[in-house]
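Chains as they are written, first to last, in UniProt numbering: chain A, 1 to 625; chain B, 1 to 264.
There's no promise every hint is true.
Quick list of in silico lysine-lysine cross-link-like pairs, DSSO-like style, CA-CA up to 30 angstroms [stated by the list, open to error]:
(1) K582/A / K276/A
(2) K21/B / K281/A
(3) K276/A / K44/B
(4) K281/A / K76/B
No lab work stands behind these hints, which were simulated from the structure alone.
Here is how the chains run, residue by residue.
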Amino acid sequence: MSDTLSAARLDPADREALLDTATPIVIVGHVDHGKSTLIGRLLYDTDNLQDGKVQQIIESSKKRGLAVEWSFLLDSLQIERDQGVTVDSTRIPFRLGNRQFVIVDAPGHRQFLRNMITGAADAEAAVLVVDANEGAQEQTRRHAMLLRLIGIRHIIVLLNKADLLGFDEQKIRAVEKSVTDLLAQLDLTPSLFVPASARDGDNIASRSERSPWYTGPILTEALAAVPSGNTRAALPFRMPVQDVYRYDDVRYVAGRIERGVIREGDTVEIGTQGSKARVAKVARWHALERKEAEAGESIALVLEPDVIPARGDMLFLPHQAPEKTARIRAHLFWLRQEPLRVGESFRLRLSTAEHQVTVASIDSVLRLDDLTEQQAQEVGPEGFAHVTLVAGEAIQFDPFSPGTSDGRGVLVDRNQRIVGGAPLLGPADLKDGYAIHPSAGEVDGAQRARSKGHKARVVWLTGLSGAGKSTIARLAEKKLFARGIDAFVLDGDTLRMGLCSDLGFTEADRHENVRRAAEVAKILTQAGQVVIVALISPLVADRALARKIIGEEFDEVFVDTSLATCEQRDSKELYKAARDGKIENFTGISAPYEAPTKADLHIKADGATAEENADALVTHILSVI
Amino acid sequence: MDHLDQLEAQSVFILREAYRKLKPLAMLWSLGKDSNVMVWLARKAFMGRVPFPVMHVDTEKKFPEMYAFRDEYTKKWNLDLLLGYCPPVEEMDPTLPPAARSAARKTAGLASMIEKNKLQGVIAGIRRDEQGTRAKERVFSPRGASHKWDIRNQPPEFWDQYATPHEEGMHIRVHPLLSWREIDIWRYIERENIPLVDLYFAKNGKRYRSLGDSDITFPVESNASTVAEVIAELETTKTSERAGRAMDHESEDAFERLRVAGYL
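This is chain A alone, in the form it adopts within the complex:
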């Protein structure tokens, strides 16, 4: 870090002089209700326009035979000016006193919905422009629905063109009532109604004399009152891993903190695998050294032990874990032109994570003309729906909540195109309609045994890591196969590569690992196979569970190798890592191993070769099948 820090960086008084974070405000509403005009007017009346821009607008307007057309300020494309429509969203910075805003102008035309979402998704507040003369129209409903789905909490309704009603209080109150009723159907409560004329500047930046009955805030006052509060730092810590870099032998886990605070010395849990690490350093380049970082900061963490998380892994504090489930209820706003149907698969992007998901059910679709939820087979273009998504593995997330970045899922198709927004609401239960009805096979075990020439059986090898379980199992498998016996090995590492890849090494996860292994072994016995399971399965209770699942065709085999021998072999260098404190919950070191007391076969492995031990196993298997 050879470059020097400037005084402005160091002096707190100078820092205070800098402006606050800009507050994004989205302007939405039906086409021709006056959004762009409002923005032009607002910028002009609050002295936020550069000279060149005003001149440009006057020239462009003259050329088309128009009086000064404020919308040209934002509709900067030729097609927009020629046809008088907004094609794409624009963001324009805007200052009101000491407060900084960014105005997002979103097109109202139905076919440009995705552009509107592009502009509006991060807004802090919305101005919903409604033509007081026309009242709420289709796009008013659609945009209001969208505001709800993307979680915008503060909504100011601007009853525009109130001059057409002569600023008549009674008429304007009637429009206000109808818009309030409409929004109530969407669980939205606007914070304010402002009667205004954007074209003439009434109640925009100055109070109108034409509406003496209106004593509420004018638009600029209402905007100044929008809370800018960033409360995300007070929530439990979340940092999705964006990437991992290695520079000068240091590994940096890079990412942006989505919420909460992290401090050096904190222990974080990493993703669904549940491994833990200590934050050794909060690393920044060319910045003041600080031992902590908060929501919104893009930082890099150096972890101890030097674990290598994957992109998308969520870092969190162990006692503040997020939801974890493979079945998720979600809202959906659908952006593809073809309808969505049940059974379609997508990539669900959630912050930096990506998961394969399938739409398991369309639970309801919103009808925009009367705002009721209906049963439907598909979600039409630009539709809104509730759906259930099912993933191939457990997904960690915080349910969607306005004002945070939680649960903001996006569906992406095979061509990497974003086809929908899917705020995740929470775990989905299996519905009654999905009740499980297992069916009995038409071919029974005796038939299979006759066909194969032997019975099915599970032999469950338990023992310490490095005891030789897999080696013995593989040798026995080979010997049995040579005799024409249909034998198959399920070993711990293979299971953890695939079926159990979402599990860690906590007691609960190990229990689940054993349960899954036992269920798979059971299915294989129903197919008539001899199954050799090689799994540490350290606890008596877990092995009892396996016996319960599999039933009578179960033998427990204790591969009894001393800890000293296992640790001396240490072919995977796990014992070394565990002794160094790099692995937690390691059987025999930092987690218990409960040896079987009444095993069906006890292989005293220390005193014999792997070959001899495998022979002992084969002899046992031959005696029971």
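We have chain A already, so just place chain B on it with the hints.
Below, chain B alone, put in the same frame as chain A:
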């Protein structure tokens, strides 16, 4: 976090996304104030390194001060510099007004560098507040095989989820400075002490507010000779930043036509 902290954090996030998702990737370095801030932000993102090449698409008509600056900071910042040159103006679309036609050389020079290096991502320092068509941009802006910007059919982009290439020959323009304003750039330059070509500072009552080719960029009236004075000036001025850029004023749509064709 203050306003600059927030802009910085967002730009770092964008640069890290680009580095992770687009390979090969390069950053345009025009030697101007915005692109120096951009290189600086890359160093923020990657702990003091710029882990991809920086590209200078040279019109060979820059100010001598700019070439000297380039040579000095390529070394100081340990940059992997890719140089590309632009075809002569005679080869450009003759229906464009003169200054725009001259600027179009850069589009052609850039296109050939993208093709030569088979780039999937090009990081560029455009800002929304510079010009109306730039305000319509995406952070990750897909360009087809012909490098054209399909302004009417841009992908949705929300919640920091960006488009990635999905067709042969396509590339993505990445815009980490889109949300910055001119004054943010200057305040950040002040805060971080980022070096600049001194043409930005007033001599004899004039300074350059925006640096392009020496034949089509003109200085503006100013007495601001330090970063602090420039900031003070920007806090009160109502003249637009590109007032000294000839091509912006030749015809209403000259800039839009350039940009649709792949110009920055």
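Hints and how they fare:
The suggested pairing of K582/A with K276/A holds, with an alpha-carbon distance near 9 angstroms, which does not exceed 30 angstroms. Our distance criterion of 30 angstroms between C-alpha atoms is met by K21/B and K281/A, whose separation comes to about 26 angstroms. Pair hint K276/A plus K44/B holds up; C-alpha atoms about 27 angstroms apart against a cutoff of 30 angstroms. A hinted pair counts as satisfied when its Cα atoms are at most 30 angstroms apart, and K281/A with K76/B qualifies at roughly 27 angstroms.
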